[in-house]
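Asker: One letter stands for each residue in the lines below.
There are 2 protein chains.
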Amino acid sequence: MEQKAFQEYYPDQFNYCYGCGQLNEHGLQIKSYWDGDETVCLFQPRPYHTAIPGYVYGGLIASLIDCHSTGSAAAAAYRAAGRAMDTEPALRFLTASLHVDYLRPTPIDSPLEVRAHVKETKGRKVVVVSTLSAHGEVCARGEVVAVQMPEHLLR
Amino acid sequence: MEQKAFQEYYPDQFNYCYGCGQLNEHGLQIKSYWDGDETVCLFQPRPYHTAIPGYVYGGLIASLIDCHSTGSAAAAAYRAAGRAMDTEPALRFLTASLHVDYLRPTPIDSPLEVRAHVKETKGRKVVVVSTLSAHGEVCARGEVVAVQMPEHLLR
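Quick mapping for you: the protein sequence lines, in order, are chains A and B. First residue of the first sequence? That's 1 in our numbering, and the numbers climb one at a time after it. First residue of the second sequence? That's 1001 in our numbering, and the numbers climb one at a time after it.
Bound conformation, chain A alone:
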C-alpha cells in the first residue's frame, strides 16, 4: 500500500510549517496517514528533543499533536465531502485551541505514535482527539479545535 501523506497534498506555498511543512528543511516534516477511521503519524524524536534526561520535551509533543490534528481535520473534511485531497479548492485548517494532558514522561528512545480521530464537526470547526504513545504505552492525550482556513488566506 503506497499512501501519500496528507501533508504531501498541501499547496506548496502552505507547505513551510515548521511542524508539518514538507518544504521546511529545518522543521519536523511530520507525515500523517489514514488507518481505517483513525489517522496516524510516526515520529522519531532526535536526541536533542530532550526534557529531563531520557525523555521528550513537552513542546515537541504539543507540536506533533497540533500539526497531526490539523492535518487530520483537513483529511477528514475531504473525506466527508467525498473529495480526493489533490482537488481544488484546498481545505486547510488552523488551530483555534490545543489541549495536552501529559500522563507520564515520554521516552526519547523510540518512535512516537500519534493516533487521532474526529470527535465532532460543527460548521467550519473540527474537534480532533488524539493519543501519543511510545513503546505501545499512551504518554499524552490531545484535543485540538481546528478551524477551516478562510479562502482569502489560501490565495
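No lab work stands behind these hints: they were computed from the structure. These figures come from a predicted structure and were not determined experimentally. Built from N, CA and C at the ideal position, the CB exists for glycine as well.
Computed far set for chain B versus chain A, every beta-carbon distance over 12 Å: (1) ASP1035; (2) TYR1078; (3) GLU1113; (4) LYS1119; (5) GLU1137.
Simulated restraints, written as ranges between beta carbons of each label pair: (6) A:GLY36 - B:LYS1119: 39 to 45 Å; (7) A:PRO111 - B:ASP1035: 38 to 44 Å; (8) B:GLN1044 - A:LYS125: 28 to 34 Å; (9) B:HIS1135 - A:GLU38: 37 to 43 Å; (10) A:LYS4 - B:GLY1036: 48 to 54 Å; (11) A:ALA90 - B:GLN1003: 46 to 52 Å; (12) B:ARG1079 - A:LEU23: 43 to 49 Å; (13) A:ARG79 - B:GLN1013: 44 to 50 Å; (14) A:THR87 - B:TRP1034: 50 to 56 Å.
Going by beta-carbon spacing under 8 Å, a handful of chain B positions derived as facing chain A: (15) GLY1058; (16) ALA1062; (17) CYS1067; (18) SER1097.
Based on these hints, arrange chain B on the given structure of chain A.
Answerer: Only chain B this time, still in chain A's reference frame:
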C-alpha cells in the same frame, strides 16, 4: 538591574531541555525573569519557525508557554518559601497539562513576549496562566498545570 534568568539556576543535569535548557545548543534557550508579580520571557522567532507565510507555527507558541510556565512555577515556589533560587534542594516542575487558545495569527517579524502569573497553588500543583503577545497585541493565551518534580527524579 542585572537579574539572572530562572533557567540559569537550573542544575546542570536538568538544563538540557530543548525549550528552556541553557546547555542545549540546538534548543530555544528561553530566559524568564520576574517583573513585579508577573514573569516575562522575550523570544525572537527564527524565520523557519513559520506556519503559514509571515506567521509563527503553533508548536513554538505552545513550547514557549510550556517552558516559561514551568520555570515561573519554580520561581514562584522559591519565592513562596522565601528562598533564593540557588539554594538546595532544587525545585523543578513538570507539565501535567497545557492549554493554549490561539486568538489570532502571531506575526513572526518581532519578539514574542510571554507574560505569566500564578493563578492558584494546591499542594505540589501550580496553575500558571499566561499571554503571548507580538507588537503589543495578545495573540495567544495559555494555562499550564505544573507539578513539582519528585525528589527522586532530581537526584
